Amino acid sequence: MQIRDYLIRRLMVLPILLIGVSIIVFALTRVGGSPIGIYMSHEMTPEEVEELEDRYGLNDPLPVQYFAWAGGVLRGDLGWSGVAVAPVTQVFRGKLAATMELATAAGLVAVTLGITLGTFAGSRRDRLPDHLTRVFSVSGSSMPDFWFAIVLLIVFWVYLGWFPVGRSDPAIWASIAHPTGLYTIDSLMAGSWQAFRDAIWHLVLPAITLGLATTAIITRMMRSSLVEELNEDYVDAARAKGLPERLVLKRHARRNALIPTMTVIGLSFGFLLQGTVVVEIIYQWPGLGRWLADAVLRGDQATIMAYVLFTSVLFLTVNLAVDIIYAYLDRRVVLGS
Amino acid sequence: MADIVQPRPVLPPASGALTVRLRRLGEVTVQTLRNPVTVIGLVIIVLMFAMALLAPALTTPNEPNPYQMPRDWTALNEPPGTPGHPLGTTAHGGDVLYGVIWGSRTSLWLSIIVVAATVTIGTIVGSLAGFIGGKIDEILMRVVDVFLAIPELIFALAIAAVLGPSFSNIILALAIVYWVKYARIIRGQIIHVKQNEYVDSARVIGDTKFRIYLKDVLPNSITPVMVQATMDMGAIVLVGATLSFIGLSEAGLAEWGVLVSEGQVGISTGRWWASTFPGLMIFLWALAFNLVGDGLRDVLDPRTESR
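As given, the protein sequences belong to chains A and B, one line each in that order.
Following my numbering from start to finish, the first sequence increments by one per residue and tops out at 337.
Following my numbering from start to finish, the second sequence increments by one per residue and tops out at 307.
If we strip away everything but chain B, and leave its shape as in the complex, we get (with noise of 0.2 Å):
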């Protein structure tokens, strides 16, 4: 019999690599844990998360669209406690609890779509500036300049107004305002990681620039844009509950910010449940992914803990 010794198959670095970045996920979780703030925070976005998710279940969904105020008109202005309408109800009758439900689905949509936007163009614009260098990284950064001289919810609120009041226009004017800052950490991450010497050496052993990008620079360049990320979620919310609120959405839209608008006609004469709830959920989701923002903080970027 042939004696072949096959020689034992070596383990592609990239599952090497792969098991240690679980393994320091998993250290990070535990540690961010630790913090009781950070765990007030996801407790407040796991409810926030579950409510979304299980809108349809909770309420009846009003038809043919769920995302619009159903409207009770036998039942205007009625205070929290009413039977059915354990909130109440607003001057056009719709239900305070509906609106509250349904508008955490409409703001984890809002956030979603723009968080993953914004890094994704960010992550892409700042690479090139970063990775490329020289006369492309001046250009990029100088329009990343021009974004950032104009105040954020000026901007917003210019495109968000040019494109017609909707509640997907203030989904793309957030876009396109928020990008910039990703842009930004990604390139001063990466312009830092390039002199790393793992970079030098995957050069020396032939790695192309493409891979070299993929598997160490940017791997090593992500974790702020994760903190970023997080505050963001809190902060999209914020931002385009006050577009609404200004009067660009939809009106009758289930949305925190157009049922504190709606709600605040009725603030003089006493009814001041219509503003109040929905406006308590904008501030804890903000105050919620701003707490786990902090705390991710904290673990990832040891040099601030004392902040």
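If we strip away everything but chain A, and leave its shape as in the complex, we get (with noise of 0.2 Å):
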């Protein structure tokens, strides 16, 4: 197959995978009872309560309601937010950039980390090394992040008062101006260094917390790959024409143990997004999940729904690209499909 029809095939279950996730999310809607709760007060008599789901058109067939609702979705009517007390979509943005702003930083710490202990412990096999990178990722997947959190709160909050929770000082972030609602950017556009430090200061810890499961995965794969890579034959070829072994690694094995890594970076995203749920909760910092997690202690629907949408929507565009990339790098993939 063309890397041409592969794509297109792949683009064309887009849309249906859409329609999919959007009918499970309308399903969801209605498992909890009619929605109409949310304009319901007890002073209302039956007749008013009546009237109320005839204007919102709870009383047509459910398909009619699907296509009511998938079409508000459409326009960028996501309903009613109770938690924020605002339209979801109007709230959405500025928590939007908070949570991007963890998540990249987690993401960069996973890939930086992962890499280099991958790396460290794939070309050190069966040493020491190795097993305890070993050791490391299997201990990193198998943490509850929200505990690690609260761990690392109690150490290097509490007792040695290092790291500071929340995003920022209220007055540095009052001092500048936030075009981006990216915190670190907004302050190197203004050109303030205090506020700069304030952004990563806060970042650390929710960065480091976010970041452990994600680094795990990315060193277990970076390390396998390599150890296949480092069996093939272009590497005895590149050793028999008398390359440093560093070389070998570094102009050989290295880049080609990066392809597979990189689908496993890219899938990644998903897991980093729904990380932030938690630790936003525990270092209150004022993100997209956190907002999620009070939606879903208080019932407001509106919110839950459009984070589950958005995240799928995400979700898929990001395998989708990185798919297409991991295509184009290894023709194998295509041709063997």
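Check the hints yourself; a few may be wrong.
Okay, the calculated beta carbon distance ranges per label pair [to be verified]: (1) A/H131 to B/L22: 30 to 36 Å; (2) A/A68 to B/G188: 35 to 41 Å; (3) B/I113 to A/A321: 34 to 40 Å.
Derived contacts from chain B toward chain A, CB cut-off under 10 Å, selection only [claimed, not checked]: (4) L157; (5) I222; (6) G270; (7) P278; (8) L291.
Derived by calculation from the structure, the hints in this document are not laboratory data.
Quick caveat, the model's predicted, so the values are computed rather than measured.
Virtual Cβ for every residue (Gly too), placed ideally from N, Cα, C.
Put the two chains together into one complex; each comes in its own frame, and the hints tell you how they fit.
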């Protein structure tokens, strides 16, 4: 199969998946009974409730209701958030910036550390560094992130007092403009060293917590694909022509080992995103995750469903992008299927 | 005397196959136990299971519901080492040790129910798709793709939120989310196994489709499911505890995630124990199953041994 055909096929499946996800989300809003509860008050008579249900089309057949809802979503109407006391779309953007900043920082930690550790272990197969790295990666993926966050807080916030909680020092936050909503970028744009330091300071613990599990996954993948590449004939050939081991590793084996690792990095994006929920609760980070947790506890359906839709669309898009890049980098995938 | 020689009864092939399978199981066990890391994981699992089973003997069960934390209002926030409370107490006077022990029972229930349910559903759906193929395969796999499009934790969180906060709803939510993985694995295996010659020969001697599936295809497709199920025994507890931590269980439940959440409020004033011990248990539980799952995979799937 040609890459172009593969691409077209993947792109054609995407709308089907999106419709599927939207049906699941819609079904979820109806499982918990009629959503009229949000608009009801105790003083209403049954007739008034009936009238309200009519106004919002809740007595229509379910498919009609689905299309009304989906049409609203497509026009950017995601409903009213009871927790934020505002339309969902209006609140979304500000919180999204906070979450994206955290997820990106965690992603950077995970990618840098994961590739370094994986290379380190893979090139020293079955020796002590390899075993230690294995212990690290298995522990990392068994770690409950909410507990890890609390342990870090106990040590670095309560006892040592090295790092703060929250996203910023309110006074410093207020001292600069926020055109992008990303604190680190905004502080650089404002040229404020103090604000930049404040941003990084607040990012350290949440980013490490959120990045841990992903670091473990990337490390593991990098190690195993490097081990695999080092067994290939071209590596022997490179060695035979007298290339120093360092260059064999850097120029040949590692480059190829990075291809499968790339996919894992891409897929871990969804993982990072869902991890923000607990990390934001514990570090009091004012992002989407914490909003979602509040919404879950207070039955704010519009917010929950908007979040599910958003993460799924993002997740699907990123996965698609990763698959396409992978198909270009490694032609065997396409030809093989 | 009528000399009728009875033909020796031919052993039904099933018992022969059974012997082979039992022998193979023995080999796998021996090989798995050769890896010291796997043994460490296994020991932790045995200890956890023992703790869960012996919970009523190790503690005085709370009346009327032992899964609810007992409250000792005369001993709030006691540090570890207090007489009667070796691991300290919570801000509500709950004995941390009681929570740790009964939490293992809660986790055992959670993981066994969810894994059993998801493996069953996944096997049925995956078998239908892989063995029958065609349109059914196409439709079922699109459904699986849709389920996989929503990040697991977020999906489970949304379902549990809609159903309302309770531990049994967490179990239900996890079962709804996690079966897809098994459906995918089983389908892939079956499509692969179906092409084997012994399946063709079974067809030639006239076995029914269902018999071929049951005797030849399914048993040879199930191995990767075992590895995944072992890993999930740990992962399910991790995710379940996360949902509990967020607040989707009943308050006061003897569950590790709930305890970590309750203990969280005290950490700023130096009361580290109420969160630390239950959290450590979640970690050890997940770690143990990951170690054993890893070991099993190395033995059952030698291709990935180097990994």
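These are the hints, each one checked on the structure:
| no. | hint | result |
| --- | --- | --- |
| 1 | A/H131 to B/L22: 30 to 36 Å | holds (34 Å) |
| 2 | A/A68 to B/G188: 35 to 41 Å | holds (39 Å) |
| 3 | B/I113 to A/A321: 34 to 40 Å | holds (37 Å) |
| 4 | L157 | holds (6 Å) |
| 5 | I222 | violated (24 Å) |
| 6 | G270 | holds (6 Å) |
| 7 | P278 | holds (8 Å) |
| 8 | L291 | holds (6 Å) |
Comparing the model with each numbered hint stated earlier shows that hint 5 is the single one that does not hold.
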